[in-house]
Amino acid sequence: MSYRRKRLCALLGSAVILSMTVTACSGTAADSTDTTESQQAVSTGDTLSYDDMFTDRDLDVGYEESDSVKISLSDDTTTVSSGSSDNSSTDDTVDGVTVDGNVITITSGGTYIISGTLSEGQLVVDADDEKVQLVLDNADITCATSAAIYVKSAGKTFITLAEGSENILMNTAEFEAIDDNNIDAVIFSKDDLALNGSGTLTINSENGHGIVSKDDLKITGGTYNITAASHALSGKDSVRIAEGTFNLVSGKDGIHSENADDSSKGYVYIAGGEFTVDSTGDGIDASNIVQIDGGTFDITAGGGVENSTKTHEDNMMGGPGGGNGPQMGEAPDGNTPSEKPSGEVPQGDPGNNSSENSGSDNSSSDSSSSDIATPPEKPDSNTNQAAGTEQSESDTSDSDSASTKGIKADGRLYINGGTFTINSADDSVHSNSAVTINDGTYTLTTGDDGVHSGEAVEINGGTITISESYEGLEGLTVTINDGDIDITSSDDGINAAGGTEEMGFGGMGNDSTEDTSTDEMWMEINGGYIHVLAGGDGIDSNGDITVNGGEVYIDGPSDNGNSAIDYGDRSACYVNGGTVVAIGSSGMAEDISDDSDQQVMLVKLDSQKEAGEVTLTDSDGNEIITYTALKAYDCVIISTKDLEAGQTYTLTTSGTQTNVDL
Numbered sequence: 002m003s004y005r006r007k008r009l010c011a012l013l014g015s016a017v018i019l020s021m022t023v024t025a026c027s028g029t030a031a032d033s034t035d036t037t038e039s040q041q042a043v044s045t046g047d048t049l050s051y052d053d054m055f056t057d058r059d060l061d062v063g064y065e066e067s068d069s070v071k072i073s074l075s076d077d078t079t080t081v082s083s084g085s086s087d088n089s090s091t092d093d094t095v096d097g098v099t100v101d102g103n104v105i106t107i108t109s110g111g112t113y114i115i116s117g118t119l120s121e122g123q124l125v126v127d128a129d130d131e132k133v134q135l136v137l138d139n140a141d142i143t144c145a146t147s148a149a150i151y152v153k154s155a156g157k158t159f160i161t162l163a164e165g166s167e168n169i170l171m172n173t174a175e176f177e178a179i180d181d182n183n184i185d186a187v188i189f190s191k192d193d194l195a196l197n198g199s200g201t202l203t204i205n206s207e208n209g210h211g212i213v214s215k216d217d218l219k220i221t222g223g224t225y226n227i228t229a230a231s232h233a234l235s236g237k238d239s240v241r242i243a244e245g246t247f248n249l250v251s252g253k254d255g256i257h258s259e260n261a262d263d264s265s266k267g268y269v270y271i272a273g274g275e276f277t278v279d280s281t282g283d284g285i286d287a288s289n290i291v292q293i294d295g296g297t298f299d300i301t302a303g304g305g306v307e308n309s310t311k312t313h314e315d316n317m318m319g320g321p322g323g324g325n326g327p328q329m330g331e332a333p334d335g336n337t338p339s340e341k342p343s344g345e346v347p348q349g350d351p352g353n354n355s356s357e358n359s360g361s362d363n364s365s366s367d368s369s370s371s372d373i374a375t376p377p378e379k380p381d382s383n384t385n386q387a388a389g390t391e392q393s394e395s396d397t398s399d400s401d402s403a404s405t406k407g408i409k410a411d412g413r414l415y416i417n418g419g420t421f422t423i424n425s426a427d428d429s430v431h432s433n434s435a436v437t438i439n440d441g442t443y444t445l446t447t448g449d450d451g452v453h454s455g456e457a458v459e460i461n462g463g464t465i466t467i468s469e470s471y472e473g474l475e476g477l478t479v480t481i482n483d484g485d486i487d488i489t490s491s492d493d494g495i496n497a498a499g500g501t502e503e504m505g506f507g508g509m510g511n512d513s514t515e516d517t518s519t520d521e522m523w524m525e526i527n528g529g530y531i532h533v534l535a536g537g538d539g540i541d542s543n544g545d546i547t548v549n550g551g552e553v554y555i556d557g558p559s560d561n562g563n564s565a566i567d568y569g570d571r572s573a574c575y576v577n578g579g580t581v582v583a584i585g586s587s588g589m590a591e592d593i594s595d596d597s598d599q600q601v602m603l604v605k606l607d608s609q610k611e612a613g614e615v616t617l618t619d620s621d622g623n624e625i626i627t628y629t630a631l632k633a634y635d636c637v638i639i640s641t642k643d644l645e646a647g648q649t650y651t652l653t654t655s656g657t658q659t660n661v662d663l
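Sequential numbering of the sequence shown, starting at 2, is according to my numbering.
Do not take every clue at face value.
Said to hold, decoys possible - Distance condition first, Cα-Cα at most 25 Å in a straight line; then the derived DMTMM-like pairs of lysine to aspartate or glutamate:
| id | residue 1 | residue 2 |
| --- | --- | --- |
| 1 | Lys311 | Asp262 |
| 2 | Lys311 | Glu469 |
| 3 | Lys632 | Asp560 |
| 4 | Lys153 | Asp68 |
| 5 | Lys610 | Asp662 |
| 6 | Lys153 | Asp96 |
| 7 | Lys605 | Asp592 |
| 8 | Lys153 | Asp127 |
| 9 | Lys153 | Glu177 |
| 10 | Lys605 | Asp570 |
| 11 | Lys605 | Asp621 |
| 12 | Lys153 | Asp141 |
| 13 | Lys605 | Glu624 |
| 14 | Lys153 | Asp76 |
| 15 | Lys311 | Glu624 |
| 16 | Lys153 | Asp181 |
| 17 | Lys605 | Asp560 |
| 18 | Lys153 | Glu207 |
| 19 | Lys632 | Glu521 |
| 20 | Lys153 | Asp130 |
| 21 | Lys605 | Asp619 |
| 22 | Lys153 | Asp77 |
| 23 | Lys632 | Glu611 |
| 24 | Lys610 | Asp598 |
| 25 | Lys632 | Asp592 |
| 26 | Lys153 | Asp180 |
| 27 | Lys632 | Asp621 |
As the list claims (entries may be wrong) - Derived Cβ-Cβ restraints for the label pairs, each shown as a range:
| id | residue 1 | residue 2 | range |
| --- | --- | --- | --- |
| 28 | Asp52 | Ser199 | 45 to 55 Å |
| 29 | Ala403 | Asp262 | 32 to 42 Å |
| 30 | Glu614 | Ala261 | 50 to 60 Å |
| 31 | Glu66 | Asp263 | 35 to 45 Å |
| 32 | Asp76 | Ser199 | 22 to 32 Å |
| 33 | Asp76 | Tyr51 | 41 to 51 Å |
| 34 | Asn623 | Thr464 | 25 to 35 Å |
These aren't lab readings, by the way, just hints derived from the structure by calculation.
C-beta: ideal position from N, C-alpha, C; glycine also.
Take these sequences, add in the hints, and give me the full structure.
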């Protein structure tokens with residue numbers, strides 16, 4: 002066998018682990034289960050480990066009431082007690098707590114149980130490098146122009162939602178500066194912040210963010226109902242979620258991590274949880290990597306597909322990488338097949354039937370005659386910044402305010418499991434670097450691409466249903482090793498091509514782009530089940546296409562400006578194993594390379610056939626495969642391990658039989 006197999010080499014930076022020593026506070030419940038805290042930095046190629054993301058203390062919701070300070074909030078009459086004593090004060094320091102009107106300041110490490118209501122007030126943590134645990138037990142705090150909870154300084158702050166508790170924190174007016182920090186969230190922390198517990202926290206931020214940490218933001222349990230004018234959850238160094246229930250409505254991103262000062266930080270890690278996100282911006286967004294290991298996600302980004310502003314006017318010319326199919330939002334005719342085609346099909350087992358010529362002449366037995374075809378040559382915002390504060394202090398810039406993607410990573414994006422329902426105005430799953438999907442269940446509806454990568458798309462498993470898209474899967478390279486994939490697209494179903502985010506990968510003429518050669522663009526299918534219903538090309542690569550295994554079924558275009566299988570002018574398509582059935586138009590149909598390991602037939606019919614059953618039988622009348630075409634067609638490409646050179650087969654299309662000699 003001789004076929005070209007191109008690989009795009011990605012430069013992976015080395016991981017940098019920065020250890021940070023944390024001073025523990027003595028004699029308090031806050032440090033009783035603490036472990037050494039580490040500040041983890043990652044390169045854009047790293048994968049993350051659950052054990053490295055959370056300390057034992059992050060996961061521990063326990064506390065001793067007898068060792069805790071109790072703060073009972075009440076307008077102008079807040080009381081503070083420690084142990085069995087009851088020491089009330091409005092202006093003195095009691096057990097590390099200062100009460101000044103409705104501003105309560107915690108100045109020492111320890112555990113503090115917070116209950117009661119402040120109709121206009123603030124809880125401040127100013128404890129230097131000590132660890133503080135705040136237990137919210139039916140606490141209700143409104144702070145109109147600043148943070149309801151403001152962590153000014155601490156070694157680390159833990160917010161525990163007491164079991165069965167209902168807690169409410171609110172901001173109702175424009176944020177105003179009270180010090181040098183740009184306070185712009187209902188919970189705002191200058192240092193590491195971890196939330197846990199089994200209670201409920203409701204946050205309403207009418208003019209800013211929900212929860213912001215200037216270091217790491219970790220959440221390991223609890224129920225969070227957050228409505229925010231800006232980001233719902235934001236961590237400058239990282240956002241890490243182990244578990245919890247999240248109902249997020251945001252004027253910007255639902256979950257956001259961005260560090261403009263350190264490219265090794267600014268990442269999102271999610272191990273599990275239940276997420277309902279309705280974001281004006283991105284559902285999940287990180288300036289570094291995003292890794293999701295599990296969870297249930299229902300994301301609506303940018304108002305969903307009906308609010309898409311993508312027009313793709315520069316991709317409507319047809320030809321290599323282009324499309325002459327329906328305009329955006331116009332779904333191709335036909336319905337996704339409810340059952341897989343009949344016939345014996347291999348699962349990732351390359352065929353052994355070598356061919357000296359995969360495109361010999363054929364003869365007609367009934368009312369139609371056809372030639373195995375040789376294709377013609379293709380023609381050459383507003384950050385709510387308080388006055389007097391430093392803009393550099395904020396990790397909540399407007400740089401991505403116009404982005405409306407479901408899940409977005411500037412670095413690599415890894416999804417190892419979970420259930421995802423995403424309705425996005427822009428791409429549903431997007432990385433400026435590479436996307437790797439190892440498992441999970443996906444239902445994607447998008448105004449642009451279902452899965453988009455600036456470099457490589459690799460799919461190793463999972464069930465992916467892209468019910469509406471411009472292009473289904475798009476990357477510089479596309480590798481499918483396993484999975485159950487069903488794509489409906491108004492342009493290309495799967496596209497391996499080079500280009501810019503602004504222009505899209507599918508622009509005409511990308512075969513000759515200066516930035517990317519065809520050696521760096523390719524598509525490889527090694528296994529899985531793939532069905533494509535495309536308005537443009539079914540599968541399209543500016544470089545080689547190689548099918549080594551799996552099942553590939555394509556309902557390509559009925560028009561002659563596109564084809565079921567399309568590859569670059571200086572490239573080829575190889576079928577070395579698996580099953581391929583590609584139905585489409587003949588005008589731009591391209592042949593399969595004679596260097597393929599498996600026999601392939603490409604048949605151009607003398608007239609267009611209506612949607613319906615396509616059956617291939619051998620000379621003894623044994624069925625090789627049956628497939629139900631969903632659109633009108635006049636070209637059929639079939640390859641299975643059962644095809645043999647020197648044999649005659651009968652192709653039945655809309656009742657018309659055509660003999661095909663291999």
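Checked hints:
1. Lys311 - Asp262: 32 Å, violated
2. Lys311 - Glu469: 14 Å, holds
3. Lys632 - Asp560: Measuring from Cα to Cα gives roughly 10 Å; hence the hint holds.
4. Lys153 - Asp68: Distance of about 24 Å is within 25 Å: holds.
5. Lys610 - Asp662: Judged against 25 Å, a Cα distance of about 21 Å means the pair holds.
6. Lys153 - Asp96: 19 Å, holds
7. Lys605 - Asp592: 11 Å, holds
8. Lys153 - Asp127: Measuring from Cα to Cα gives roughly 5 Å; hence the hint holds.
9. Lys153 - Glu177: OK: Lys153 and Glu177 at ~16 Å, within 25 Å.
10. Lys605 - Asp570: 21 Å, holds
11. Lys605 - Asp621: Holds. Lys605 to Asp621 sits at ~23 Å (cutoff 25 Å).
12. Lys153 - Asp141: Status holds; Cα separation ~20 Å.
13. Lys605 - Glu624: 21 Å, holds
14. Lys153 - Asp76: 22 Å, holds
15. Lys311 - Glu624: 44 Å, violated
16. Lys153 - Asp181: OK: Lys153 and Asp181 at ~10 Å, within 25 Å.
17. Lys605 - Asp560: Answer holds: Lys605 to Asp560 is near 14 Å, not above 25 Å.
18. Lys153 - Glu207: Judged against 25 Å, a Cα distance of about 22 Å means the pair holds.
19. Lys632 - Glu521: Distance ~33 Å between Lys632 and Glu521 Cα, so the pair is violated.
20. Lys153 - Asp130: 11 Å, holds
21. Lys605 - Asp619: 19 Å, holds
22. Lys153 - Asp77: 22 Å, holds
23. Lys632 - Glu611: 7 Å, holds
24. Lys610 - Asp598: Violated, because 30 Å separates the two Cα atoms, which is more than 25 Å.
25. Lys632 - Asp592: Holds, at about 21 Å.
26. Lys153 - Asp180: 10 Å, holds
27. Lys632 - Asp621: Roughly 29 Å separates the two Cα atoms, so the pair is violated.
28. Asp52 - Ser199: 45 to 55 Å: About 22 Å separates the Cβ atoms of Asp52 and Ser199, which means 45 to 55 Å is violated.
29. Ala403 - Asp262: 32 to 42 Å: 23 Å, violated
30. Glu614 - Ala261: 50 to 60 Å: Given about 58 Å between the Cβ atoms, the range holds.
31. Glu66 - Asp263: 35 to 45 Å: Since Glu66 and Asp263 have Cβ atoms about 40 Å apart, the given range 35 to 45 Å holds.
32. Asp76 - Ser199: 22 to 32 Å: Holds: the Cβ-Cβ distance is about 29 Å, inside 22 to 32 Å.
33. Asp76 - Tyr51: 41 to 51 Å: Between Asp76 and Tyr51, where Cβ atoms are some 43 Å apart, the hint holds.
34. Asn623 - Thr464: 25 to 35 Å: 32 Å, holds
Comparing the model with each earlier hint shows violations of hints 1, 15, 19, 24, 27, 28 and 29; every other hint is respected.
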